[in-house]
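There are 2 protein chains.
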Amino acid sequence: MPIRRVLAGLCAVAASLMLHCANAAPASAPPVPKTPTGPLTLSSQGSFFIGGRDVTSETLSLSPKYDAHGTVTVDQMYVRYQIPARAKRYPITLIHGCCLTGMTWETTPDGRMGWDEYFLRKGYSTYVIDQSGRGRSATDISAINAVKSGKAPVSSLPDLFAAGHEAAWAIFRFGTRYPDAFKDTQFPVQAQAELWQQMVPDWLGAMPTPNPTVGNLSKLAIKLNGTVLLSHSQSGIYPFQTAAMNSKGIAAIVAVEPGECPKVEDVKPLTGIPILVVFGDHIEEFPRWAPRLKACHAFIDALNAAGGKGELMSLPALGVHGNSHMMMQDRNNLQVADLILAWIARNTGATKR
Amino acid sequence: MPIRRVLAGLCAVAASLMLHCANAAPASAPPVPKTPTGPLTLSSQGSFFIGGRDVTSETLSLSPKYDAHGTVTVDQMYVRYQIPARAKRYPITLIHGCCLTGMTWETTPDGRMGWDEYFLRKGYSTYVIDQSGRGRSATDISAINAVKSGKAPVSSLPDLFAAGHEAAWAIFRFGTRYPDAFKDTQFPVQAQAELWQQMVPDWLGAMPTPNPTVGNLSKLAIKLNGTVLLSHSQSGIYPFQTAAMNSKGIAAIVAVEPGECPKVEDVKPLTGIPILVVFGDHIEEFPRWAPRLKACHAFIDALNAAGGKGELMSLPALGVHGNSHMMMQDRNNLQVADLILAWIARNTGATKR
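One line per chain: the protein sequences are A and B, in this order.
In case it helps, this note's numbering puts the first sequence at residues 1 to 353.
In case it helps, this note's numbering puts the second sequence at residues 1 to 353.
Note that these hints are calculated values from the structure, not bench results.
Please note: incorrect hints may appear among the correct ones.
Keeping only pairs whose Cα atoms sit at most 30 Å apart, straight-line, the calculated DSSO-like set for lysine-lysine is [what the hints assert, rightly or not]: (1) A:K263 x A:K223; (2) A:K122 x B:K183; (3) A:K263 x B:K65; (4) A:K223 x A:K309; (5) A:K309 x A:K122; (6) A:K223 x A:K248; (7) A:K183 x B:K65; (8) A:K34 x B:K88; (9) A:K34 x B:K223; (10) B:K151 x B:K65; (11) A:K248 x A:K219; (12) A:K65 x B:K294; (13) A:K294 x B:K65; (14) B:K309 x B:K268; (15) A:K65 x A:K122; (16) A:K122 x A:K219; (17) B:K151 x A:K151; (18) B:K219 x B:K88; (19) A:K183 x A:K34; (20) A:K88 x B:K122; (21) B:K34 x A:K88; (22) A:K122 x B:K88; (23) B:K219 x B:K268; (24) B:K294 x B:K248; (25) B:K223 x B:K183; (26) B:K268 x B:K88; (27) B:K294 x B:K309; (28) B:K263 x A:K65; (29) B:K183 x A:K65; (30) A:K223 x B:K34; (31) B:K34 x B:K65.
To be clear about the criterion: a stretch of chain B counts as covered by chain A if any three or more of its residues have a C-beta under 8 Å from a C-beta of chain A, and this derived list gives those stretches [said to hold, decoys possible]: (32) 47-54; (33) 65-73; (34) 149-159; (35) 192-205.
Predicted model, so just to flag it, every value in this text is computed and none were measured.
All C-beta atoms, glycine included, are put in the ideal place defined by N, C-alpha and C.
The whole structure should be built from the sequences, with the hints applied where relevant.
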């Protein structure tokens with residue numbers, strides 16, 4: 001498909017030019033910044049949960065030692081926050097993707113600074129969540145015990161999913177086939193074992209629709225009286241769904257390689273919110289990724305045509321090459337962070353709420 | 001059992017007197033300290049995983065969209081750390097209990113400072129873990145998908161457990177029967193909903209023996225070149241098992257209401273490590289708790305008889321009343337923290353490694 005690739009390349013360049021014209025940003029990407037060092041001063045930090053509902057179960061336990069009957073709370077969302085000494089107006093809420101947790105944004109697999117701390121050191125309060133049903137946000141195991149104790153059929157077991165290393169390799173675009181990496185990959189593949197340690201099973205198929213994370217993000221945005229929702233991959237559609245439900249408190253949306261962009265006919269509720277979609281490199285080499293990028297281009301075009309304020313940032317079009325789907329952990333992760341922070345500053349700096 | 005209660009009380013007082021004589025500590029408990037305020041300065045922070053093993057599965061997915069065959073990493077342990085500006089010699093590793101995660105030690109259900117930050121502000125580096133198979137440390141869902149896809153019998157489903165609010169009420173000793181609380185309870189029962197949000201299912205019955213957390217704690221202690229292992233409840237036996245395996249790197253053990261103390265015949269490998277066991281109030285009113293306290297008394301006695309350095313700290317014997325099993329979240333949580341920190345200072349301050 002050489003014509004399609006040429007067209008995609010032209011589109012990316014055009015998008016990049018639009019960005020440059022509209023915002024008078026530099027024509028080339030900023031250099032990879034030095035990792036900030038020295039003491040980190042916080043004004044405060046802590047953690048809490050948002051949302052959840054109480055459900056009664058008869059199958060909490062299979063052991064006579066513990067009561068099988070009782071109430072448990074499910075669908076809540078864990079949030080850990082840190083506030084720097086002189087915080088900018090809008091905190092950034094970091095929303096991880098499939099088969100991962102908030103660890104996504106913390107120390108990288110090869111031990112470098114993650115976006116959670118980098119954003120903080122750049123003056124942004126950060127709120128790192130674990131999606132409902134992932135990490136420190138509880139799952140509901142009642143259905144499994146119900147089957148094991150003969151009270152429910154096998155078909156009622158939850159539909160679970162874990163990504164194997166081999167399949168994740170191509171999904172994360174380290175290379176087209178495990179274990180061969182792109183020569184120019186920015187992902188620290190020598191530390192892949194530390195990424196595999198981060199991965200957790202996905203209970204999405206066992207969760208209500210819409211995913212409780214969507215409503216919980218809205219509650220969080222309102223509680224914070226304004227935040228940038230920054231998503232990744234499988235969570236990409238959530239901030240858009242949150243905004244369609246209630247735009248209150250959503251200062252901007254940054255979607256890092258969303259698994260899905262909103263449909264072009266769904267842009268109307270999003271026109272009041274600055275929106276950035278970021279894609280890395282080697283997209284056209286993956287049948288999973290090329291259509292997603294194309295659909296996100298169409299979404300951004302429709303959004304802008306409807307009076308919205310959208311931008312699709314293609315890293316290769318900015319001269320930044322080799323970025324994987326896990327760009328927040330790539331070797332140049334702070335360079336990508338700088339591009340995103342510059343967009344946030346341009347697009348929320350003047351926003352009064 | 002009034003005689004037994006009187007004896008238990010005398011034992012507690014005797015233990016307390018022993019503590020006072022041996023260490024010239026004040027005869028009464030310290031006051032509840034003011035919550036520290038002002039900026040918090042860290043020299044660094046981050047997170048990583050310890051341990052884990054790769055397993056091959058044929059049932060990672062039930063959907064044709066994702067590969068069912070592949071390798072996943074399981075049994076690893078998530079660790080988040082913070083290092084204060086001028087850190088004392090030994091970090092404190094915080095190990096949560098049943099049906100909980102590292103959130104145990106963070107902001108309390110009613111929004112006060114947790115032990116993780118308090119210890120930090122007192123100069124201790126803190127390492128907060130999620131036990132293997134809990135929170136951000138992956139579970140293995142292969143067996144569930146194997147049953148759902150008809151490849152394995154129902155009996156091979158993992159044995160899972162979730163604690164209901166009603167049962168947890170008495171296990172956590174907020175009162176003898178849900179929802180009635182002890183008049184003097186220190187637990188902020190008005191914020192109980194925020195505690196229920198923290199609870200997660202327990203995969204212990206599906207984990208290898210010994211629990212991988214035990215070996216992972218040893219790897220962490222060695223990596224840190226010395227740490228205090230501070231456990232709670234179900235994890236109480238783990239640091240002892242870790243020490244019996246390899247005492248390297250274990251500067252001291254603090255067991256907050258361990259579900260189990262080592263048997264008196266197992267004290268030998270523990271004689272070189274300072275050990276503190278802490279119990280709260282209302283123990284004798286619970287058939288679950290009274291025998292545990294008794295067994296821990298016997299363990300400490302046997303440890304000291306064998307030349308060890310053990311102490312059982314009964315909070316009521318020190319004049320500190322109303323503490324629940326969740327004393328790190330109780331209203332006087334910082335008072336209890338001060339007692340523990342004073343013990344740590346006395347028992348590790350002079351230790352050269």
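These are the hints, each one checked on the structure:
With a C-alpha separation of about 28 Å, the suggested pairing of K263 (chain A) with K223 (chain A) holds against the 30 Å cut-off. Of the supplied pair hints, the one linking K122 (chain A) and K183 (chain B) is violated, its CA atoms being roughly 48 Å apart against a limit of 30 Å. At roughly 21 Å between alpha-carbon atoms, K263 (chain A) and K65 (chain B) fall within 30 Å of each other, so this suggested pair holds. Between the alpha carbons of K223 (chain A) and K309 (chain A) the distance comes to roughly 25 Å, so the proposed pair stays at or under 30 Å and holds.
For a cut-off of 30 Å, the pair hint linking K309 (chain A) to K122 (chain A) stands: about 24 Å separates their Cα positions. Proposed proximity of K223 (chain A) and K248 (chain A) is supported: the alpha carbons are some 10 Å apart, at most 30 Å. For the proposed pair K183 (chain A) and K65 (chain B), the alpha carbon gap of about 28 Å is at most 30 Å, so the pair holds. For the hint linking K34 (chain A) to K88 (chain B), the alpha-carbon distance of about 29 Å falls within 30 Å, and the restraint holds.
A threshold of 30 Å between alpha carbons decides the hint, and for K34 (chain A) with K223 (chain B) the separation of about 27 Å falls inside it, so the pair holds. With a C-alpha separation of about 19 Å, the suggested pairing of K151 (chain B) with K65 (chain B) holds against the 30 Å cut-off. This hinted pair checks out: K248 (chain A) and K219 (chain A) have alpha carbons roughly 9 Å apart, not beyond 30 Å. Note on K65 (chain A) and K294 (chain B): the hinted pairing holds, with a Cα-Cα distance of about 20 Å set against a maximum of 30 Å.
With a C-alpha separation of about 20 Å, the suggested pairing of K294 (chain A) with K65 (chain B) holds against the 30 Å cut-off. For the hint pairing K309 (chain B) with K268 (chain B), the CA-to-CA distance comes to about 12 Å; that is within 30 Å, so the pair holds. Only pairs whose Cα atoms come within 30 Å are accepted, and K65 (chain A) paired with K122 (chain A) is rejected, the gap being roughly 51 Å. Proximity of K122 (chain A) to K219 (chain A) is assessed by CA-CA distance (about 26 Å); at most 30 Å being required, the pair is judged to hold.
With a CA separation close to 20 Å, the supplied pair K151 (chain B) and K151 (chain A) stays within the 30 Å bound. A hinted pair counts as satisfied when its Cα atoms are at most 30 Å apart, and K219 (chain B) with K88 (chain B) qualifies at roughly 21 Å. Only pairs whose Cα atoms come within 30 Å are accepted, and K183 (chain A) paired with K34 (chain A) is accepted, the gap being roughly 23 Å. About 28 Å separates the Cα atoms of K88 (chain A) and K122 (chain B), which keeps this hinted pair within 30 Å; it holds.
Taking the CA atoms of K34 (chain B) and K88 (chain A), the gap is about 29 Å. The hint holds against a cut of 30 Å. Distance restraint check for K122 (chain A) and K88 (chain B): the Cα-Cα separation of roughly 28 Å lies within the 30 Å cut-off, and the hinted pair is therefore satisfied. Proposed proximity of K219 (chain B) and K268 (chain B) is supported: the alpha carbons are some 21 Å apart, at most 30 Å. Simply put, K294 (chain B) and K248 (chain B) have alpha-carbon atoms about 29 Å apart, close enough for the 30 Å limit, and the pair holds.
The hinted pair formed by K223 (chain B) and K183 (chain B) fails the criterion: a straight-line CA distance of about 45 Å is larger than 30 Å. For a cut-off of 30 Å, the pair hint linking K268 (chain B) to K88 (chain B) stands: about 29 Å separates their Cα positions. The straight-line distance between the Cα atoms of K294 (chain B) and K309 (chain B) is roughly 18 Å, inside the 30 Å bound, and the hint therefore holds. A distance of roughly 21 Å separates the Cα atoms of K263 (chain B) and K65 (chain A); the hinted pair therefore holds under the 30 Å criterion.
Between K183 (chain B) and K65 (chain A) the alpha-carbon distance is near 28 Å, which keeps this suggested pair within the 30 Å criterion. Taken as a hint, the K223 (chain A) and K34 (chain B) pair is honoured in the structure, with Cα atoms around 27 Å apart against an allowance of 30 Å. At most 30 Å may separate the alpha-carbon atoms for a hinted pair to count; K34 (chain B) and K65 (chain B) exceed this at roughly 55 Å. Here the segment 47-54 of chain B counts 5 residues with a CB under 8 Å from a CB of chain A, which clears the bar of 3, and the coverage holds.
For the segment 65-73 of chain B, the stated coverage by chain A is satisfied: 7 residues place a CB nearer than 8 Å to a CB of that chain, which reaches the threshold of 3. With 6 residues bearing a CB less than 8 Å from a CB of chain A, the segment 149-159 of chain B meets the requirement of three and the coverage assertion stands. Remark: the segment 192-205 of chain B is confirmed as covered by chain A, as 9 of its residues place a Cβ nearer than 8 Å to a Cβ of that chain, reaching the required three.
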